[in-house]
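Knowing the structure of chain A, use the given hints to seat chain B on it.
Chain residues, written in single-letter form:
Protein chains: 2
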Amino acid sequence: MSTFDFGQETEKLLKWLGEFGKDPEGGVSRFLYKPEWTEAQRNLEKYMRQAGFAVHYDDVGNLFGRLEGSTYPEETILTGSHVDTVKNGGLYDGQFGIIAGIVALEYLKREYGQPLRNIEVVSIAEEEGSRFPYVYWGVKNILGIAKREDVENMVDFDGIPFTEAMRKAGFAFRPTERAVRKDLKAFLEVHVEQGGVLEIEKKSVGIVGHIVGQRRFTIEITGQANHAGTTPMGYRKDALHAASSIICAIMDITKGYGDPLVATVGKVEIEPNIVNVVPGKALFTLDARHTHKDVLVRFTEEVTAAMQEIASQAGVGIHIDMWMDVDPVPMDTGIVEIMKQQCEKDGLSYKMMHSGAGHDSQIMAPVIPTGMLFVPSHKGLSHSPLEYTDPRDLAQGVKALVGVLYELAYK
Amino acid sequence: MSTFDFGQETEKLLKWLGEFGKDPEGGVSRFLYKPEWTEAQRNLEKYMRQAGFAVHYDDVGNLFGRLEGSTYPEETILTGSHVDTVKNGGLYDGQFGIIAGIVALEYLKREYGQPLRNIEVVSIAEEEGSRFPYVYWGVKNILGIAKREDVENMVDFDGIPFTEAMRKAGFAFRPTERAVRKDLKAFLEVHVEQGGVLEIEKKSVGIVGHIVGQRRFTIEITGQANHAGTTPMGYRKDALHAASSIICAIMDITKGYGDPLVATVGKVEIEPNIVNVVPGKALFTLDARHTHKDVLVRFTEEVTAAMQEIASQAGVGIHIDMWMDVDPVPMDTGIVEIMKQQCEKDGLSYKMMHSGAGHDSQIMAPVIPTGMLFVPSHKGLSHSPLEYTDPRDLAQGVKALVGVLYELAYK
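Protein chains in written order, with full-length UniProt numbering: chain A, 1 to 411; chain B, 1 to 411.
Worth double-checking, as some hints may not be accurate.
For chains that are exact copies, the list does not tell them apart, and a pair is met inside one copy or across any two.
Okay, derived cross-link-like pairs now, DSS-like style, lysine-lysine, Cα gap no bigger than 25 Å in a straight line [as the list claims (entries may be wrong)]:
id, residue 1, residue 2
1, K34, K15
2, K281, K255
3, K267, K281
4, K255, K237
5, K22, K34
6, K237, K267
Because the hints were derived from the structure by calculation, they are not lab data.
One chain only, chain A, in its complex shape (with noise of 0.2 Å):
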């Protein structure tokens, strides 16, 4: 497997599907049904068919390229990512994970021929969620789960509806009488880490464990707006120093818990946010993450009278609104060994790790058995035109790739 170059073949596909909705601002921007997203699929579609692939589209969107199985047609392992980004994204979050596949798909057939069962490299529709307030739309499809009722009344940032731009774009609503797919087995998703742990610990492959659940609050603290000249201190009630007291208080029991639980106090705004009132109001935002419901659970409830108890007591007033909740999605355990074996059969560099982050694989989980594979992201940086993955790590989670893609589809 050595001696064909993975990283430099993977490097110039991701550079050239980046052209794809290139933004003159830096990266790239390529939104569901855009035209640059139609451009990115076509190409995508002309690509595997000269590559030798059975090539179709879903209802939707969503791009399929086909090896067929010899020996097993009814069932399929699917690999693949989300071709969308965010606004001024990067070269890897979503696109790596379809050129690995394709890729690997390549050099499959090349060395071993037509497989046992048909795998098929997927460029997923949508996962972000930056044209319209609605994520995970193509792996929903695959899975029958959307409802054409989510979306029906939507419109993007210029108000175009949702029904429009995909009619637009050439798909519609996929019909309730069509069956669902049966023949997928297994669902492969490689993507970049999105987080700074496998550059620190020096390692180039992540196998996902569990994908962590999130919950996200908002807390609005009411205290009192004051001129801060005239107020004694004893007649203060001062929302930002409540919302201080409980955002140190919620970092105190975080580190209580330890990995993999972590909480981020990412938004704060204060009213009226004048250097000489005393603070009125504050708002912020907690997001919780962990890989198993109880702790997450058990963590926030902690938190929740944590935070109640705080801000009795400096007498101001507080309201939490819950406003996400998903659970943690563990990965196929078989799968998951699967990918270990390979790793340490072709000696590559891997760690056993959680997503910190969501993804398609999430959804996919609990219908159909899935793993995912991390590369280091430098810096941790994603969602950011200065995304960037060492070109010899991209090759080992395409080897990775590779490895367990032989594994379920050749033998």
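Relative to chain A, chain B alone:
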């Protein structure tokens, strides 16, 4: 003195004066040299003339109404406050000091006839800095310490130069050859408290001992923005967490000092300020005030050291910028003593206190023996259309002024 209803008369005149600059969006907006400012000054001029005062403007538009003294023509007792307001200000801030002076002079003239020393009420041109980025224009011109070059290149929010605005209002720079007035023997300013202490403590009159000194800082914390899901707690440099720890430490240190120290973190901005990104930057302000410079210096030094220590332990960068450093100003102890005696003699409900806000008096005090009297601000509200003081409290404030003016000008 009790047969005349000082409260009713004062409130009536405040409402009358508040019509000049009444803002359709609420309250009073009366900016230096704007037509509504001129209207207010011209109407005050007319009112004072009709009341039998000798009226004149100085070069820059400070308006004086005078009761001539019979015995000491070279000695003048001055009282008053500023006629300009903030945007959407209230009926009391500034103009109450002018009206209190007018009501007091009318009463004194009616009851006691001509004083031994001149008494003048002044409607000071400007204090708030609402139109141009310059404060205390009025009082600095009375004292001859305003610098022409400080305002010569200033423009307001509409691009109108200071000089042009002044000229259109009919005024001009004080000629440098004109001597500064030497006859001012005392300045008395009556003002609303702009805080809630008098109301909470159920007192009608505050006698100001000191106007606090102020130091203001901007503190910038530099950490590292990271993905909220993929960055383990141990790999973070969370600028907001560090800022929160610092804010809590500032508040703890402040409370350790006790009254009259106040410290306020009023403004916070974080970057990128997104729910799922660990904050990479946090910027906040610190406003610290005390009546004694040595304490203010010691406190801010202690806080600075604590901030640097916390930042260092958190592994984040910190930059501390002090951009305001105003010394505390004591009021004249002789005048303060007379104020106390008068309040006791007239059975007024008073409290010795300090001013946590800046006033014309702090510019006057280093040059002319100065005293300030406060009346309560309902709920501590000021710089708001909701400013309110009960007429019974207004009455006590004016009565205290009458008593002090009598002591200073009739004896």
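Margin query: Cα distance capped at 25 Å. Does K267 pair with K281 within a copy, between copies, both, or neither?
Written below: Both. Shortest intra-copy (14 Å) and inter-copy (11 Å) distances satisfy the 25 Å Cα cut-off.
Next item on the list: If the cutoff is 25 Å on CA atoms, where do K34 and K15 land: within, between, both or neither? Let me know, please.
Entry: Answer is within: at 20 Å inside a copy they meet the 25 Å cutoff, but 61 Å across does not.
Next item on the list: Using 25 Å as the alpha carbon limit, work out where K255 and K237 are close: within a copy, between copies, both or neither.
Entry: between (29 Å within a copy, 14 Å between copies)
Check: Between K22 and K34, at a C-alpha cutoff of 25 Å, which is it: within one copy, between copies, both, or neither?
Finding: Within one copy only: 13 Å inside a chain, 53 Å across chains, cut-off 25 Å.
Next item on the list: First find the shortest C-alpha distance between K281 and K255 inside one copy, then the shortest across copies, and answer within, between, both or neither for a cut-off of 25 Å.
Entry: between (27 Å within a copy, 21 Å between copies)
Notebook entry, point to check: When no copy is specified for K237 and K267, does a C-alpha distance of 25 Å or less occur within a copy, between copies, both, or neither?
Noted result: both (21 Å within a copy, 15 Å between copies)
This entry satisfies every hint, going by the numbered hints stated previously.
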